[in-house]
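S.K.: Use these hints to put chains B and C onto chain A, whose structure you have.
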Amino acid sequence: MGFLSEIKHYLRVYRRYLSTSASQAMSFRTSFVLLIIMDLLFTGSSYFKISFIYDHIEVIDHWVRHQLMFFVTFMLALNALNTTLLSTNFWMFSDDLKTGNLDYILLKPVSSIYIVFFRYIKPSGIPNIILTHSLLIYFGMQNNLGFIEWLMLPFLIVLSFTLYALIQFVISCSMFWLIEGLGINFLRLQMQELARWPDFIFSKYLRTVFMSAIPILLVGSGPVHFIFDRSYWYLIPLMLLLCFILYYLLHFIWNRGLTHYDSASS
Amino acid sequence: MIKADKLTKKFTTYKKEPGLSGAIKSFYQRDAIHKYAVKDFDLDIKSGEIIGLLGPNGAGKTTLMKMFTGIIVPSSGEIVVAGHVPSKREKAFRKKIALVMGQKSQLWWDIPALDSFLLLQKYYEVPDSKFNKKINEMGEMLGVTELFDVHVRKLSLGERMKLELMASLLHEPEVLFLDEPTIGLDLIAQENIRNFIKEYHEENNLTVILTSHYMQDVQALCKDLVLIAGGEKAFDGPLKSFEKVLGHKKSVYFTFKDAISLDDQFFKEKDVQVLKGGREIELKIDESDLRDLSSHIIQNYPVIDFHTEKIPIEKVMKSIMKNPEILNQ
Amino acid sequence: MSHAKKWLQTMKISWVKNTAYRFNFFLQVIGPALIFFFVKYSLWKTIYKSSPEEMIQGYTFTAMITYHIWSFVVSMIGQGHSALDMAVDIRMGRISSYLIYPFNFWEFHTASFLSFQILQIIISIVTLGIFLATGILESLSFFHFFLGLSASIYVSLFWFVLQYLTGIIGFWLEETWIIRVSLQVITVFLSGAVFPLDLFPEVWRNILDYTPFPYLTYYPIKIFMGQEVPYLKFIYTLGAWLITVLTINTIVWRRGIRNYTAAGM
Numbered sequence: 001m002g003f004l005s006e007i008k009h010y011l012r013v014y015r016r017y018l019s020t021s022a023s024q025a026m027s028f029r030t031s032f033v034l035l036i037i038m039d040l041l042f043t044g045s046s047y048f049k050i051s052f053i054y055d056h057i058e059v060i061d062h063w064v065r066h067q068l069m070f071f072v073t074f075m076l077a078l079n080a081l082n083t084t085l086l087s088t089n090f091w092m093f094s095d096d097l098k099t100g101n102l103d104y105i106l107l108k109p110v111s112s113i114y115i116v117f118f119r120y121i122k123p124s125g126i127p128n129i130i131l132t133h134s135l136l137i138y139f140g141m142q143n144n145l146g147f148i149e150w151l152m153l154p155f156l157i158v159l160s161f162t163l164y165a166l167i168q169f170v171i172s173c174s175m176f177w178l179i180e181g182l183g184i185n186f187l188r189l190q191m192q193e194l195a196r197w198p199d200f201i202f203s204k205y206l207r208t209v210f211m212s213a214i215p216i217l218l219v220g221s222g223p224v225h226f227i228f229d230r231s232y233w234y235l236i237p238l239m240l241l242l243c244f245i246l247y248y249l250l251h252f253i254w255n256r257g258l259t260h261y262d263s264a265s266s
Numbered sequence: 001m002i003k004a005d006k007l008t009k010k011f012t013t014y015k016k017e018p019g020l021s022g023a024i025k026s027f028y029q030r031d032a033i034h035k036y037a038v039k040d041f042d043l044d045i046k047s048g049e050i051i052g053l054l055g056p057n058g059a060g061k062t063t064l065m066k067m068f069t070g071i072i073v074p075s076s077g078e079i080v081v082a083g084h085v086p087s088k089r090e091k092a093f094r095k096k097i098a099l100v101m102g103q104k105s106q107l108w109w110d111i112p113a114l115d116s117f118l119l120l121q122k123y124y125e126v127p128d129s130k131f132n133k134k135i136n137e138m139g140e141m142l143g144v145t146e147l148f149d150v151h152v153r154k155l156s157l158g159e160r161m162k163l164e165l166m167a168s169l170l171h172e173p174e175v176l177f178l179d180e181p182t183i184g185l186d187l188i189a190q191e192n193i194r195n196f197i198k199e200y201h202e203e204n205n206l207t208v209i210l211t212s213h214y215m216q217d218v219q220a221l222c223k224d225l226v227l228i229a230g231g232e233k234a235f236d237g238p239l240k241s242f243e244k245v246l247g248h249k250k251s252v253y254f255t256f257k258d259a260i261s262l263d264d265q266f267f268k269e270k271d272v273q274v275l276k277g278g279r280e281i282e283l284k285i286d287e288s289d290l291r292d293l294s295s296h297i298i299q300n301y302p303v304i305d306f307h308t309e310k311i312p313i314e315k316v317m318k319s320i321m322k323n324p325e326i327l328n329q
Numbered sequence: 001m002s003h004a005k006k007w008l009q010t011m012k013i014s015w016v017k018n019t020a021y022r023f024n025f026f027l028q029v030i031g032p033a034l035i036f037f038f039v040k041y042s043l044w045k046t047i048y049k050s051s052p053e054e055m056i057q058g059y060t061f062t063a064m065i066t067y068h069i070w071s072f073v074v075s076m077i078g079q080g081h082s083a084l085d086m087a088v089d090i091r092m093g094r095i096s097s098y099l100i101y102p103f104n105f106w107e108f109h110t111a112s113f114l115s116f117q118i119l120q121i122i123i124s125i126v127t128l129g130i131f132l133a134t135g136i137l138e139s140l141s142f143f144h145f146f147l148g149l150s151a152s153i154y155v156s157l158f159w160f161v162l163q164y165l166t167g168i169i170g171f172w173l174e175e176t177w178i179i180r181v182s183l184q185v186i187t188v189f190l191s192g193a194v195f196p197l198d199l200f201p202e203v204w205r206n207i208l209d210y211t212p213f214p215y216l217t218y219y220p221i222k223i224f225m226g227q228e229v230p231y232l233k234f235i236y237t238l239g240a241w242l243i244t245v246l247t248i249n250t251i252v253w254r255r256g257i258r259n260y261t262a263a264g265m
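Residue numbers (the numbering used here), protein chains in the order written: chain A, 1 to 266; chain B, 1 to 329; chain C, 1 to 265.
The following block holds chain A by itself, in its conformation from the complex:
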C-alpha cells in the first residue's frame, strides 16, 4: 500500500514537471522552434553519414547498410528520449551545486535524486522522439524483424534507456567533487559519442571495458545484437544486472556526494 501511494505521489509530481516544463518552453518560443530544427539537423546528418559510407562499401565488419541503419536509429531514438527527458537536468545540476540551490531540493519530502535528474523536461524534443521511433519501425521492417523481436523492442528500449540514464546519473554525481561541473557534462557527451557506434568497431580491450565496467556500449549494441542474433541473449540479463548494480552504486555515491556537499557549504 505504502509503496503504491508512493508511486502515485511521484507520478503526480512528474505531471507537474511536465506542465511546468511546457509552460517554460512556451515562454521561449523562438528557442523552441530552433531546438526542433537542431534535432532534425542532427538526425539528418547522422543518416547521411552512414548512407554515404555505404555508397562505397558493402559491409562494416559484418553489418550491411540496413543493419547499421537500424542500430543508428535505435541510438537516435534513445538520444531523443534522453534529450527530452533528462539532458537539461544534468546541466542544471551543475548550476544548482554552484549556487547552493540544492539546499532547497534537499528539503523537499521527495527523493533528491528524483528531483535533480527528472525535474526539467524539454518538450521541443517530442517531434524528434516521434520521428526517430517511426524510423526505427521503418528500419525494423527493412530488417524483417520477427514477431518476437517486435514484441521485445519496446521492452529493450526501456531497458537500454534505463541503463543509459543510470550511467549518466552516476557520472554526474562526480560534480559534487568538482568546482566546475561543466566538464563532466562534456565527458558525458563524449560517452554518448562512443555509444553511437556498434561495439565491434572498437578494439577488443576497449570493448571489454565499455561493455562491462563502464557499460556505455552495451546501451545500443546489447539489444541490437540480440535482435539480429538470438545467440547474444546473455547480453540482456547482463544489462539487467548492471542496472541493479548501477542503481545501488548511484545511491551510494549520491549519499557520499551529499556528505561532501555538506562539508563544502557553510
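These aren't lab readings, by the way, just hints derived from the structure by calculation.
Here the structure is a predicted model, which is why all the values come from computation and not from measurement.
Do not rely on the hints blindly, as some may be mistaken.
[Said to hold, decoys possible] Dumping the calculated DSS-like pairs for lysine-lysine here, alpha-carbon to alpha-carbon at most 30 Å:
1) B/Lys96 <-> A/Lys108
2) B/Lys154 <-> A/Lys122
3) A/Lys98 <-> B/Lys122
4) A/Lys108 <-> B/Lys249
M.R.: Here is chains B and C on its own, set in the frame of chain A:
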C-alpha cells in the same frame, strides 16, 4: 519544538600550496585545518515561539539553520526538531519544516509563480481544497494575488520575496526557518514582510527561527533572542533583558527653535549630546525619569519637537562584541 | 596604458581563465576532438579490415587516417573557438561595463580569442608530436605544415566572426547556444570533418562548392597533406565570406546596442 544539545560543526580544510609541486605534495601529505563553524551550542525553543538568531557575518548562523533543517549533518551533539532528528531527513520531518533564504530562490525563474506553487503542492501532497484556500488567504494578506500569473523574472525583489514566503508556507509547516528574509529590500517592503510574518504567526501559531541583519526585524517580531558569535552562543534570553544589558536607558531627542546653552545646572549631571549646533540634544536617561525630565525641559526651553527612542539593538550588539563580559554581570 | 597593453592584459587574463580549471579545459576542448578522432579511427580501421590495400574513392587506409589526423588539427585550430557565450553577458547586463570601459566589447573578445588560439596551436603541435612518435602519422613536411597552419588560422578568423555573430544575436534571442550547436553540426558534416568530401555524392559536392563549408576543413586538410589546392580561390572565397560576415556583424551590433540601451538594462 527545537532542542539542541552541545551541537558542533567542524569543517576540515587542507592547506594547499600553490602550483604543481604543491598539488603533488598535498597528495601524500595534507595539513588539516579544523575550523569550528558552531561549537557546543545549546538551544531550547518551545512550540509557537519566534526566536531571533543574531550574529555578525560568519558567526555560524547559516550553518545552524542548515543543521536544523537537515541539509548538513552535525559533527557532534544532538538536535531534535519537531520530534525528529533532522539529519535523518525523514519524509515526515521534511513535511513539517520550511526554509526561506533571502539570497536564494526556490521559485522557477522563467514561469509564473502559480506553476511553482502547483509543483510544491504535489511535492508536499497538499489536497486541492486546502491548497486553494491557502493561496487565496496568503495572496490577500500579502496583496499579491494578481502576481500569481506573472513570470517570476519580471517581478521586483520585494514581490518575489512575498511569493517565496508563500511558497514555503503552502504545506503549513510547523517550523519555519527564515534566513535573512528581508535582505536587500527597501524599507516598505521590509515592513510588509514583517507584518505578514507577524500576522501569519498569530493565526497559525507556528515556531519561527529568524536570522537577520536588520535589527528592526528582530525587534518587531521576536520576544526572545539568541546571539551567536564565533560559533558559540553569547546570549540567550528575552529581547528585553538583552536590551537591559545597557540598563533601562532611553534616548530622548529635543529640537529647539533656537540653539540653547547647556550651561544650566540642570544639564550638568546628565548624559547629554549636542546635535545640530545646539538646536537639538540627545539625552540618555533612565526610563523612570522620563516624565519629570521631559516636562521640565518643555516648560523651560523653546521646544518645537521631541521624540524618544529605545537604545538601538545595534549599539547593544556592538558593545557585547567588544566586551562580552557585560552579559555575565 | 597604451592600447596594445590592454590587449596583452586581456589575453593574459583569458589565458589564466582557460587554464585555471585544467581538467575542465581538457574535457571541454581537447577531449571531444580526441574522442571524435578515436571513433573515426576505429570506424575506418574496421571498414578497411577486410582488405587494407583497398582504395575507397582514392583513399588507402593510411591516407584516410592521415586525413583524419589533419582533420583533428583543423578542428582544433580552425573551429576550436566555440565557447563564446556572449548571450549570457548581454542578458545579465554585464555588457554594460564594456559600454563604459575605454576598451571595446569586440576587442575584449578578439583578444580572448587570440589567447585561446595560441593555446590551441600548442596543444595541436603536442598532439601531432604524439601521433608522429607513435607512428600513426607516418611523415610530416614542415613546409606543408606551415602552409596548412596558416590556412587553419585564416579559417579560424572566419569561424570567429561567425561565432561572434551568433553571440550578438543574443540581443534578441535568449538562448544562442542552440544556433551555435546547429552551426557546429552542419559544419562538421558538410565541411568534410566526418570524412573526405570525395565520399559525398556528386550532386552534393557540386552544391557544396558554392558554400563556404569545404573551405573550413576539407581544403585546409588537403593543404596539410601537401595536395594540389586552388590556393587563390581558397583565399578570396573565404576572404569574401569573412568580409560579408564582418559587415553583418557591424550592422547587427549597431542595431542590437540601440535596442539594448533603449531598453535601459
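S.K.: Please work out if lysine 108 of chain A and lysine 249 of chain B have their alpha carbons no farther apart than 30 Å.
M.R.: It is violated: about 46 Å lies between the C-alpha atoms, which goes past 30 Å.
S.K.: Compare the distance between the alpha carbons of lysine 98 of chain A and lysine 122 of chain B with 30 Å, and conclude whether the hinted pair is satisfied.
M.R.: Status holds; Cα separation ~26 Å.
S.K.: Between the alpha carbons of lysine 96 of chain B and lysine 108 of chain A, is the straight-line distance 30 Å or under?
M.R.: Status holds; Cα separation ~10 Å.
S.K.: Straight-line Cα separation of lysine 154 of chain B and lysine 122 of chain A no greater than 30 Å?
M.R.: Roughly 22 Å separates the two Cα atoms, so the pair holds.
Violated hint for the displayed structure: number 4, the only one.
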